[in-house]
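Trainee: Read off the chains here:
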Amino acid sequence: MTWDRLLEPYAFEFFRHGVIVATVAGALCGLIGTFVVLRGMSYIGHGLSHSIFSGAAASALLGFNFYLGAGMWGLASGLMISRVTRRNVIRSDAAIGVITTASFALGLALIGLFGTVERSIDATLFGSILGVSTLDLWVVMGVALLAGAVVFFRYRVLLFTTFDPEVAAVSGVATARADALLMLVLTASILATMQVLGVILVSATLVIPPVVARMLTSSFPRMLVLSSVIGGVSGFVGMNLSYHFDVSSGATIVLVSAALFLGAFLVTGPQRLGRLATVSH
Amino acid sequence: MIRAQPLLALDGVTCAYRSQPALTDATLEIGAGAFVGIVGPSGSGKTTLLRSLLGTLVPVRGTVRRRSGLRLGYVPQTETVDWSFPVTVRDVVLMARTRGRVLPWSSREERGEVDRVLTRLGIGDLGGRHIRDLSGGQQQRAFIARALFGRPDLLLLDEPTSGIDVRTRHEVLHLLEHLNDDGLAIVVTTHDLNGIASHLPRIVCLNGEIVADGAPDDVLTPDVLERTYGAPMDVLEHGGMRVVVDRFESNVVALRRRAS
Chain U
1 MTWDRLLEPY
11 AFEFFRHGVI
21 VATVAGALCG
31 LIGTFVVLRG
41 MSYIGHGLSH
51 SIFSGAAASA
61 LLGFNFYLGA
71 GMWGLASGLM
81 ISRVTRRNVI
91 RSDAAIGVIT
101 TASFALGLAL
111 IGLFGTVERS
121 IDATLFGSIL
131 GVSTLDLWVV
141 MGVALLAGAV
151 VFFRYRVLLF
161 TTFDPEVAAV
171 SGVATARADA
181 LLMLVLTASI
191 LATMQVLGVI
201 LVSATLVIPP
211 VVARMLTSSF
221 PRMLVLSSVI
231 GGVSGFVGMN
241 LSYHFDVSSG
251 ATIVLVSAAL
261 FLGAFLVTGP
271 QRLGRLATVS
281 H
Chain F
1001 MIRAQPLLAL
1011 DGVTCAYRSQ
1021 PALTDATLEI
1031 GAGAFVGIVG
1041 PSGSGKTTLL
1051 RSLLGTLVPV
1061 RGTVRRRSGL
1071 RLGYVPQTET
1081 VDWSFPVTVR
1091 DVVLMARTRG
1101 RVLPWSSREE
1111 RGEVDRVLTR
1121 LGIGDLGGRH
1131 IRDLSGGQQQ
1141 RAFIARALFG
1151 RPDLLLLDEP
1161 TSGIDVRTRH
1171 EVLHLLEHLN
1181 DDGLAIVVTT
1191 HDLNGIASHL
1201 PRIVCLNGEI
1211 VADGAPDDVL
1221 TPDVLERTYG
1231 APMDVLEHGG
1241 MRVVVDRFES
1251 NVVALRRRAS
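Taken in order, these protein sequences are the chains called U and F. With the working numbering, letter number 55 in the first sequence gets 55, and the count goes up by one each step, no holes. In the working numbering, each residue's number is its place in the second sequence (first place is 1) plus 1000.
Just so you know, these hints were derived from the structure itself, not from any lab. Treat each hint with caution, since some may be false.
[Unchecked claim] What follows is a list of derived Cβ distance ranges for each label pair:
#1 U:R91 <-> F:P1232: 34 to 42 Å
#2 F:T1063 <-> U:G40: 47 to 55 Å
#3 U:G263 <-> F:V1243: 53 to 61 Å
#4 F:T1014 <-> U:G263: 52 to 60 Å
#5 F:T1063 <-> U:R177: 25 to 33 Å
From the three backbone atoms N, C-alpha and C, an ideal C-beta is built for every residue, glycine too.
Make a model of the complete structure from these sequences and hints.
Mentor: Here's what the structure looks like:
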């Protein structure tokens, strides 16, 4: 494959947009995914992305702005999960399962009842580089800046509430506010990433980069940086492969992440998997 | 005579989980310089009492009074800690100064203070180690260091000697005695009557309610222990200390006698 062939897709604006969105979104998910994985909430990315799909369908049918409708729906689902879990009636995994699948089913029912929507459901489910608009580009940049600022300025709070929420609360840290802030950034990240990765595969970008990073380091700040780099590289390489092999962008991005996981596993040795006990709480 | 205001006081506190009372009508005062052991069987309300002292559990009845500006240090059970989490001992200690901090990194003064706390607890050279790479006693010291770094007036520890060997238990007990000698008030929950509780100046016996509260000589009696644990126990004297033993053998003998 020549350079000309490799650079060929960059002649198209939609592809340039797609590569930027995929790279930034990958780094963004790697950053936020570190907290998701260390909190033992890996399943929430999967659940929230399904929940957001429902909001996307509803907002398309009602003519609302996609980001506003889907984002509010996702945030409401996330806060509802936190509330149900906090009441200790059911465990968080069960709360995620009930609330987000019910929300997803509601989205499907809305589409069934009120007809088709303009936005491609295939693209929403599996991701597409064709639909990346300038607005999508600005949204993902804005969310990445917001997430970076939140992680930088709330680093100590997020670290403490992730590692030891009970002692953090005793020490006067507003843990509920920290959880809500993380939920807000998580919802925004999923929303901004969905266009390229799709509902089905977005959770993989929240989970695989932090898991690979955890295999490579035992330092929390290094894990944050490594996870973001791995996410960004997966997005960039996956997007290029998507064009050349004519496969959905979500699939190629996740496959690149999975290949990096395999590489890290082979390089560091299976014993490093012991570190991943933290992922499965 | 003016009585000193207690650091923390429970007055007729009842706590419940889903309408099921876990602690009933508890009245208790923790004064400055106190060293209190809370003992009782599993499910007796030890952790509930600790949580009401910490303020993380709101009682359904009664009041919890705290001295204005009281700073609490809390050391949770080591079983609740995620030892695979990617943090060093220094990271853990720094967590105690999270509130009000904006920048992610610590100042030179903070790092110096962390090193002084770790040195005071005998783990001064372990600040850069991952928490999983410490022995049981060192792990306990690291979490006590975090609590101390918050400059507490009262230190609360939940089962600090659970699952550790005898030597480490002695280390932890001596460390707590030194901290108490320096004026720090300490409350500790424990299952260990002989290894920990009998060495403390004050013991609170719990069994859903406060059964007894006083010095070991007054509290470690067969009557109080049977009301606390629901099983007969004997108390022996050994080297000036009270030693609690199960009366299990005599029960078996009694049953055999009854059967024959």
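Trainee: Would you mind marking each hint as holding or not holding in the structure?
Mentor: Against the structure, the hints come out as follows:
| no. | hint | result |
| --- | --- | --- |
| 1 | U:R91 <-> F:P1232: 34 to 42 Å | holds (40 Å) |
| 2 | F:T1063 <-> U:G40: 47 to 55 Å | violated (36 Å) |
| 3 | U:G263 <-> F:V1243: 53 to 61 Å | holds (59 Å) |
| 4 | F:T1014 <-> U:G263: 52 to 60 Å | holds (58 Å) |
| 5 | F:T1063 <-> U:R177: 25 to 33 Å | holds (26 Å) |
Violated hint: 2 only; the structure is consistent with all others.
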